[in-house]
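A.B. asks: Sequences are here, hints too, so could you generate the full structure?
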Amino acid sequence: MKRIYLDNAATTKVDPRVLNLMKKFFTDKYGNPNSLHSFGIEAREAIEISREKIANLINANSNEIIFTSGGTESNNLAIKGIAFANKSKGKHIIVSSIEHHCVLETVHWLEKNGFKISFLDVDKYGVVNIEKLKSLIRRDTILVSIMHANNEIGTIEPIKEIGEICKDYNILFHTDAVQSFGKIEIDVKKYNIDLLSASSHKIHGPKGVGCLYIKEGTKIEPILHGGGQEFGIRSGTENVPGIVGFGKAAEICKKEMKNEKRRIEKMRDKLINNILNIENTRLNGHPKIRLPNNVNCSFEFIEGEALIGILNEFGIAASTGSACSSRSLKPSHVLLAIGLSPEIAHGSLRLTLGRFNTEKEIDYVIKKIPEAVEKLRNLSPYKKRW
Amino acid sequence: MNIAEQYSKLVMKHFKKPHNYGEIKNADGIGTVGNPVCGDVLKLYIKISKNKKGKEIIKDIKFQTFGCIAAIATSSVITDIVKGKTIEDALKIKKEEIIKKLGGLPPIKVHCSVLAVDGLYEAIYDYYKKSKKEIPFFLEKAHKEILERNKKER
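Quick mapping for you: the protein sequence lines, in order, are chains A and S.
In this text, residue positions in the first sequence follow the numbering used here: the first is 1, and each later residue adds one.
In this text, residue positions in the second sequence follow the numbering used here: the first is 1001, and each later residue adds one.
Calculated directly from the structure, the hints in this document are not laboratory data.
It should be emphasised that the depicted structure is a prediction, and the values quoted were computed from it without experimental measurement.
One thing to keep in mind: the hints can contain errors.
Label-pair ranges, simulated between beta-carbon atoms [said to hold, decoys possible]:
| # | chain 1 | residue 1 | chain 2 | residue 2 | range |
| --- | --- | --- | --- | --- | --- |
| 1 | S | 1141 | A | 139 | 46 to 52 Å |
| 2 | S | 1010 | A | 277 | 32 to 38 Å |
| 3 | S | 1141 | A | 364 | 31 to 37 Å |
| 4 | S | 1023 | A | 276 | 27 to 33 Å |
Below 30 Å or equal to it, Euclidean Cα-Cα: the simulated DSS-like pairs (lysine-lysine) are [unchecked claim]:
| # | chain 1 | residue 1 | chain 2 | residue 2 |
| --- | --- | --- | --- | --- |
| 5 | S | 1059 | A | 383 |
| 6 | S | 1133 | A | 375 |
| 7 | S | 1059 | A | 368 |
| 8 | S | 1133 | S | 1062 |
| 9 | A | 375 | S | 1017 |
| 10 | S | 1062 | S | 1083 |
| 11 | S | 1013 | A | 368 |
Each residue gets a CB set at the ideal place from its N, CA and C atoms; glycine is no exception.
C.D. replies: Written as structure tokens, this is what we have:
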């Protein structure tokens, strides 16, 4: 059976152009970039070229890019690193209530270690409450961390406005851009961003590599100590093939972003319009200000894991914010934060597009989704109302 | 959770082609258990008649489920197990039997098998109540416990 991958927010297929470039760094140019001989030198050069490509994509300088093992590490480094470097100034941090778990768990850990955390709420579309941000800022606030775009519902946050407020109050601003990096325009200078997290495997690069942009002059404490690699901020031998692949993936994004965004948005809108034709269905996230590749809908009277199960039988790979698909047995904190009742949150479906999806695939999916929903609604005790 | 790794072949078989689903219009007893807030609701319909020995049997049974793959599979399998059984025998069913018939359930889905047993108990309780029969003490006790479980997260 032909399989259709619509879970690109989870991870993506490596672009063949990326893989091709990476290969020789496993078998031929396998040197340690910290070595002084020719093997080391060619590896070092490759890393620096990648650093430049990534910096280019977000209008940063290349010495502001620190390679890490991925989005989770970047977010941990940004938040813990800034917290510990600034604890004499203050111990208060503000994050949104819809951050990724790796941000939320990090601040919960900091809370246990004497830091104070405030959570900024969001409206029904998942947009953070900008007015309230100002009221949460205190004399001892050292950091605001708000994601650029949400991984579940795709809503894009007003980071330019947040950056301005942070600059105005002289507070550091970190944004988790794992879902937006390479998909929509980011300019760290224009948006007053001090720290930004990105990941390679969400943009058709390899897994196990990411980066943290740290604005020049920003004091940060490392969380990994060792040989002093990555300007002393992230020790550990560099993942050279990964970094090379990440750089190539970023380069392709920069070159193709405009056309790709248009093409993917068109497929997204086709999916949304067709799904909303099904009765008792709603779109989650902002109707306009959302990632070009994100569709998140709730179907009343059915449960998401079962829906994923049927779609999987049709060869369609998707995801859900239902409790039943997680180990915690609680529905997604993001869907609850935008005001969905738990029973509606249970019936959510996330479809996320990528570079390799085709119009033909989308036509198949829009035929199969109503079929899957109907099959489950036939089993459900709820028909027209709860 | 990864569907293929977590669920047995039998679970997926019941999920894909559930047995005895739907509604019995003039049911003799209906059991509704679970809570939509927790993501699992089972409605079991039973039709009662007598066998040759004059004992009451579950002549027909159908289910409706709002829930995950495991909830649908456990609903389907309990209808298979008790259909045609005397009420007396049906009330002997344990969650372990359901789990065994499904070739196992992931630990965090065991509660779905409890839901199925609860649904059956409630359907029989409802039948006794509607037909004004004396409700055995153990069934009355189980009914109270089920109502408590329905309020909580399963």
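A.B. asks: Now, for every hint given, state plainly whether the structure supports it.
C.D. replies: Hint check results:
no. : hint                          : verdict
1   : 1141/S with 139/A: 46 to 52 Å : violated, 60 Å
2   : 1010/S with 277/A: 32 to 38 Å : holds, 36 Å
3   : 1141/S with 364/A: 31 to 37 Å : violated, 53 Å
4   : 1023/S with 276/A: 27 to 33 Å : holds, 28 Å
5   : 1059/S with 383/A             : holds, 26 Å
6   : 1133/S with 375/A             : violated, 38 Å
7   : 1059/S with 368/A             : violated, 36 Å
8   : 1133/S with 1062/S            : holds, 22 Å
9   : 375/A with 1017/S             : holds, 10 Å
10  : 1062/S with 1083/S            : holds, 9 Å
11  : 1013/S with 368/A             : holds, 20 Å
This entry does not satisfy hints 1, 3, 6 and 7, going by the numbered hints stated previously.
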